[in-house]
Structures are given as structure tokens and as C-alpha cells.
Amino acid sequence: GAVVSQHPSRVICKSGTSVKIECRSLDFQATTMFWYRQFPKKSLMLMATSNEGSKATYEQGVEKDKFLINHASLTLSTLTVTSAHPEDSSFYICSADILAKNIQYFGAGTRLSVL
Amino acid sequence: GQQLNQSPQSMFIQEGEDVSMNCTSSSIFNTWLWYKQDPGEGPVLLIALYKAGELTSNGRLTAQFGITRKDSFLNISASIPSDVGIYFCAGQLNTGGFKTIFGAGTRLFVKA
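Residue numbers (the working numbering), protein chains in the order written: chain A, 50 to 164; chain B, 425 to 536.
Just chain A, with the same shape it has in the complex (with noise of 0.2 Å):
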């Protein structure tokens, strides 16, 4: 059980355009789901909670407008990264929420590269 499913696992996009990248949970329901970014060689760095049916909390520094979270099911939230430049390429991964464990549980990332 606690399965994450993020998608897509690799993109490539031209700079300016805006990509979505989805986490599932996949057998269990999540009400909070954590983004983060992570830099070669680097931990990982929380870039928001997302709560599902209320906006996002952004750690400080994190555009909101630059990234769009949206949570709209207890299974699914989704980040997206709107006009995006080449310093925007990074590994971003998901993870859930267990709400009895209060353990997150990871997806696999998404290497974005922008051109």
C-alpha cells in the first residue's frame, strides 16, 4: 500500500511555454500532499503544502504565481509551472500524507529540463 504515482517521470519544454506535472495516490486518500524541488547533489527543498479543497502554503521564497498547485480530489494534486525558463529545470518530486501516520509517502519525480 501507499503508492504515489507521479507523472509525467521526464519532460522537455521550450522556455515560455507552462507544464503540469500530477501526483496520484493511488490507494489511499491524501488530504495534504507536500512539492518539492531538488538540486543535483542536494536535499530536498519543500516548495508548498498542498490541502486538498483550500489553497496552497508556499515556504517563503516560492512564487505562487510561478507555481500553480492545485488540489481538487482527496487522490490528486497537481503542480504546474507556468512560463518556464531554464533556471526552472530541476527534479521535482510529490509526496502524500497518510493522515493516520502522518507519513510521507514519496512519488517517483519529474525531471523537467526547459530549453
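To be clear, the hints were calculated from the coordinates, so they are not data collected in a lab. Check each hint, because a few of them may be wrong.
Claimed, not checked - Below, a sample of chain A positions facing chain B; criterion: calculated Cβ distance under 8 Å:
id	residue
1	Ile152
2	Tyr154
3	Phe155
4	Gly158
5	Ser162
Glycine included, each C-beta is placed from N, C-alpha and C at the ideal position.
Given chain A, work out where chain B should sit, using these hints.
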């Protein structure tokens, strides 16, 4: 703010050796978690610890929740090449809502 100090930053070991890594903090945590991340993948949960002093094993892995609730260690016995990866500790606080803080990671390299 709360911080976790994870060490060592990296380890180069021979296959068959035992490995130990730890995390410390000045904050008291409710839960300690250990994850492993393979290259190009998301972290996978290895062990979760809920009580001070708790010692839990998962195969060749053993982790303990420190008595003071400010530290945890992870041991890997008889390492094998597939143990290669980044190991992250994570401490969880209840600050009116649960907040999880990740360590910087320990990169493990195993030489066959």
C-alpha cells in the same frame, strides 16, 4: 528555525562492511523517519520511529529513536552494492500541524 544535522555527508565503503549514519537536532521530534533515494527516483520510506528509545529493524537495516528525542541513527549491516544511494533522515514536529524536516542526506557508495 528547526534544523537537522545529518552525518556523514558521504561514505565510501567496501561490500560487506557495516555502515552507520546519524541525525541530530536541537529540537525535540515526535517521529523520526529514514528514507532512501536511488538516482533519479523519489525517496522510499525505510523505517519509521515513533517512541523515544525505540529500536526498529527492517532486514539489514536498524534504526533507533534517541532517548532525548533529538537524534536518531541508521545502521546497515553487511552492505551490498544495491545499498548505494542517498539516505535521508526526517524529523517530525507537531507545531499545531505536523511539520517534517529533512536532513541533507548521506550519500553511500559501496565498492564491490
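Subject >> Hint status (Cβ of Phe155 (chain A) to nearest Cβ of chain B, threshold 8 Å) >> reply: Interface hint status for Phe155 (chain A): holds (4 Å vs cutoff 8 Å).
Original post:
How about Tyr154 (chain A): closest beta carbon in chain B under 8 Å, or not?
Top reply: Hint holds; Tyr154 (chain A) Cβ to chain B Cβ min 6 Å, cut 8 Å.
**OP:** Return the status of the interface hint for Gly158 (chain A): holds when the least beta-carbon distance to chain B is below 8 Å, violated otherwise.
**Re:** 5 Å, holds
Original post:
Should the interface hint for Ser162 (chain A) be scored as holding, given a Cβ-Cβ cut-off of 8 Å against chain B?
Top reply: Violated, because the Cβ-Cβ distance from Ser162 (chain A) to chain B comes to roughly 13 Å (cut-off 8 Å).
Original post:
Given Ile152 (chain A) as an interface hint, is the shortest Cβ-Cβ distance to chain B below 8 Å?
Top reply: 6 Å, holds
This entry does not satisfy hint 5, going by the numbered hints stated previously; all others are met.
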